[in-house]
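Colleague: Sequence:
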Amino acid sequence: MATTVMIVDDSLFMRKMLRDILSEEGYEVIAEASDGDEAVAKYRECRPDLVTLDIVMPNKTGIEALQIIMALNPQARVVMCSAIGQESMTEAAAKAGAKAFILKPFNPELVARTLKEVAEG
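According to the UniProt record's numbering, the residues represented by the sequence shown are 1 to 121, in order.
Simulated from the structure, these hints should not be mistaken for lab results. Among the hints, a few may not be true.
[As the list claims (entries may be wrong)] Using 20 Å as the maximum straight-line C-alpha spacing, the simulated PhoX-like pairs for lysine-lysine come out as follows:
| no. | residue 1 | residue 2 |
| --- | --- | --- |
| 1 | 60 | 42 |
| 2 | 116 | 104 |
| 3 | 42 | 16 |
| 4 | 60 | 95 |
| 5 | 95 | 16 |
| 6 | 116 | 99 |
Given the structure is predicted, the values throughout are model-derived calculations rather than measurements.
Could you put together the complete structure from these sequences and hints?
Modeller: Below, the structure is given as structure tokens:
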């Protein structure tokens, strides 16, 4: 059975890019969300094996959504997506429970390797 993933990013282009990379690697993308509120709601509904979560989004930031997701499931495996230059936010995400980080723009090989490492624990 394929590892299930929820992709969260306010950019449709970034979601599509991640979906393409993950699908090619054999992951099953079961949900997408475009902001933090939608991410929390869809996480409750779908309980994916992995979540990719953008940091800068409308409504709730990725860090706020991460905190709620970790409260719902302390074993959640969340990989934050961040643009270069957001070090303070990545530190806050690590403290909140993020398992790894992927820098934008996405490098497909690095995305695949990072998600595999997080999925395997």
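Colleague: Tell me the numbers of any earlier hints that the structure contravenes, in ascending order.
Modeller: 5
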